[in-house]
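> Each chain, written out:
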Amino acid sequence: MKLLIISLLTALGFPFFTDLAPKADHIPARPGIEDCTSLKTTQIYHKGYVEWNEVQTLDGLKFGDMVTLSRRDGRVNAKYFASGSVSSRFSSWKAGKNVVAVCSGAFTEGSSFFQKPVGLTIDDGQVINRVLDPKMDGLVIVYATGGIAVSDLDNKFLVLGGQDYVDLRSSFKYYSDIEKRVIYPLSYFLTWAQENRATVFQTQLLVYENEPQMVYEKARTEQANRRFLILARDFTGNLNHIIFNVCASEYLGDATHSVFDLLRQKLGYDVIAMLNLDTGAKDHFQFYNDLGGKQPVCQGGQSISECSNLIAYYFE
Amino acid sequence: MNHRPILLCLILSLVLLSPGLARTAPFQLDHWSMVRQTHTNQEYLQEFPFTEFTPQYFNSAHELVAAREYLVQNGRDSIADPILRQATNVYLQMFPCNPSDFGSYAEKVTLGEDLFKICQQQDLAGRETFEGIADRLLKNVSYEYEQLLKVNPKAFSKDQQRELADRLGALAYPVTPPPPSDLEKLIIYIGQGQWHHIWETIYGRYLSDPFILISVVLNLLLGSWFTAQILSKFRKYATIQKTKS
Numbered sequence: 001m002k003l004l005i006i007s008l009l010t011a012l013g014f015p016f017f018t019d020l021a022p023k024a025d026h027i028p029a030r031p032g033i034e035d036c037t038s039l040k041t042t043q044i045y046h047k048g049y050v051e052w053n054e055v056q057t058l059d060g061l062k063f064g065d066m067v068t069l070s071r072r073d074g075r076v077n078a079k080y081f082a083s084g085s086v087s088s089r090f091s092s093w094k095a096g097k098n099v100v101a102v103c104s105g106a107f108t109e110g111s112s113f114f115q116k117p118v119g120l121t122i123d124d125g126q127v128i129n130r131v132l133d134p135k136m137d138g139l140v141i142v143y144a145t146g147g148i149a150v151s152d153l154d155n156k157f158l159v160l161g162g163q164d165y166v167d168l169r170s171s172f173k174y175y176s177d178i179e180k181r182v183i184y185p186l187s188y189f190l191t192w193a194q195e196n197r198a199t200v201f202q203t204q205l206l207v208y209e210n211e212p213q214m215v216y217e218k219a220r221t222e223q224a225n226r227r228f229l230i231l232a233r234d235f236t237g238n239l240n241h242i243i244f245n246v247c248a249s250e251y252l253g254d255a256t257h258s259v260f261d262l263l264r265q266k267l268g269y270d271v272i273a274m275l276n277l278d279t280g281a282k283d284h285f286q287f288y289n290d291l292g293g294k295q296p297v298c299q300g301g302q303s304i305s306e307c308s309n310l311i312a313y314y315f316e
Numbered sequence: 001m002n003h004r005p006i007l008l009c010l011i012l013s014l015v016l017l018s019p020g021l022a023r024t025a026p027f028q029l030d031h032w033s034m035v036r037q038t039h040t041n042q043e044y045l046q047e048f049p050f051t052e053f054t055p056q057y058f059n060s061a062h063e064l065v066a067a068r069e070y071l072v073q074n075g076r077d078s079i080a081d082p083i084l085r086q087a088t089n090v091y092l093q094m095f096p097c098n099p100s101d102f103g104s105y106a107e108k109v110t111l112g113e114d115l116f117k118i119c120q121q122q123d124l125a126g127r128e129t130f131e132g133i134a135d136r137l138l139k140n141v142s143y144e145y146e147q148l149l150k151v152n153p154k155a156f157s158k159d160q161q162r163e164l165a166d167r168l169g170a171l172a173y174p175v176t177p178p179p180p181s182d183l184e185k186l187i188i189y190i191g192q193g194q195w196h197h198i199w200e201t202i203y204g205r206y207l208s209d210p211f212i213l214i215s216v217v218l219n220l221l222l223g224s225w226f227t228a229q230i231l232s233k234f235r236k237y238a239t240i241q242k243t244k245s
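Heads up: the sequence lines are chains A and B, in that order.
For the first sequence, my numbering assigns the number 1 to the initial residue and increments by one for each residue that follows.
For the second sequence, my numbering assigns the number 1 to the initial residue and increments by one for each residue that follows.
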């Protein structure tokens with residue numbers, strides 16, 4: 001009865017009762033796969049290597065866009081721009097390329113006048129930020145070949161080319177069986193990245209090897225649009241990179257829950273890693289069709305010139 | 001009899017012998033090591049006088065390189081790098097960044113810059129050691145400096161702030177500078193011709209609240225009325241002066 005009166009008064013515009021309305025952390029969690037998401041529309045591009053799906057909630061509202069980029073045959077490749085004037089770098093790079101999608105990548109901090117990449121950042125072998133961010137547990141390596149590898153820094157070890165193990169967060173030296181000498185992890189990794197012209201950035205790792213890396217209910221501080229970069233194998237074992245753009249305003253925990261459940265339970269993907277991309281003040285997303293035309297998908301609020309970093313995919 | 005030379009000698013000898021004023025001899029790594037030639041590495045490490053070594057050898061990158069070379073060439077190669085790394089921690093404890101002293105930040109950046117330059121000429125182990133020392137120093141400076149700016153955005157002059165930010169950024173330790181003041185922002189936006197943004201900011205901050213809007217309008221009206229009054233007084237004064245002449 002009391003609740004009914006409060007609801008009535010609140011609805012009638014009694015502002016002093018609004019703080020008695022349910023608080024954000026008391027809102028029940030999203031129910032999950034049963035009534036969250038389903039694929040509504042599917043379109044195939046770039047000879048079947050790229051697929052676009054509009055994802056809806058079961059009550060018919062648009063939940064987001066899912067762009068699946070198949071890595072089979074190495075025809076769809078990734079390129080990351082970590083620093084500098086990324087929009088002009090992107091403009092000159094894309095000439096003659098068949099760009100599939102582009103979006104903002106890792107998080108940055110600072111004012112609109114100065115942006116600093118959060119966490120360890122290396123751009124094409126050039127170290128931009130040497131300082132590891134302890135809050136960002138996902139270390140992403142974008143290879144010059146267009147592939148992406150993700151490591152869980154909380155699991156302590158980063159595998160370099162499947163050969164050696166490096167605990168980047170350790171300041172202690174240890175003996176490397178491969179190198180046959182004592183090494184210092186970060187120094188060793190930086191040298192490797194410079195020699196291999198690797199591009200590296202840090203971000204939040206949401207799911208790793210099919211295991212959520214967060215308690216969904218705890219990640220409910222702020223509702224916003226979300227964007228995830230997912231590395232997943234389909235039922236045939238092919239590796240796919242997926243950009244999942246959540247248009248609905250969601251808590252990070254709920255959006256992660258919904259997207260992971262959709263991929264794992266409904267679509268049968270083996271999720272290697274799911275990463276959180278920046279959708280804050282530098283939010284940009286664009287998807288292109290076969291002819292290079294812009295597709296009407298949920299776009300980030302900012303123009304490409306505002307971005308401090310960019311992740312682009314191209315077809316060749 | 002002239003007592004002046006005797007008095008002078010007396011004062012001079014007092015000054016030289018005074019324990020408080022006598023200058024201590026600089027720490028010499030080679031002398032200290034010679035005495036402990038028979039020490040095992042563990043004993044050597046345990047007795048190592050970090051507080052004497054650090055002020056002497058952290059003056060420049062060349063001193064550090066010389067110290068490492070001496071240790072490596074004199075049978076202490078397996079503990080040379082641990083000594084230098086431990087000495088870095090001692091150095092940061094003995095000479096922390098002092099918020100009122102720009103030099104305490106700048107000198108560590110200089111040492112970091114020199115170490116990064118010098119490590120390119122070293123063998124792999126030496127390179128990793130000196131990179132490690134530079135990394136420890138510069139991480140400390142960038143962290144301390146960023147914390148200082150959060151508390152006191154006006155710490156150091158604009159030129160000094162820019163210098164530190166540029167030098168740290170060039171070494172891949174970017175520091176987020178304090179956000180510019182409203183006036184600085186206004187100047188930047190005018191320079192960029194972002195009139196729409198300026199209007200939106202002014203509207204959002206000052207004109208969206210009806211009370212503030214009324215206050216601004218009243219102030220503008222009052223201000224223009226006063227200006228008109230003063231101008232008319234001037235005009236009258238000017239015409240009187242004209243008729244007099």
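Where hints are given, some of them may not hold.
[What the hints assert, rightly or not] Simulated crosslink set (DSS-like; lysine-lysine; CA at most 27 Å straight-line):
1) A:135 <-> B:139
2) B:244 <-> A:135
3) B:117 <-> B:150
[Stated by the list, open to error] With the Cβ distance kept under 8 Å, some of the chain B side facing chain A (calculated, not the full set):
4) 98
5) 131
6) 132
Calculated from the structure, these hints are not laboratory results.
Backbone N, C-alpha and C fix where the C-beta goes; we use that ideal spot for every residue, glycine too.
> Does each hint hold? Answer for all of them.
Results of checking the hints against the structure:
no., hint, verdict
1, A:135 <-> B:139, "holds (16 Å)"
2, B:244 <-> A:135, "violated (81 Å)"
3, B:117 <-> B:150, "violated (31 Å)"
4, 98, "violated (22 Å)"
5, 131, "holds (5 Å)"
6, 132, "holds (5 Å)"
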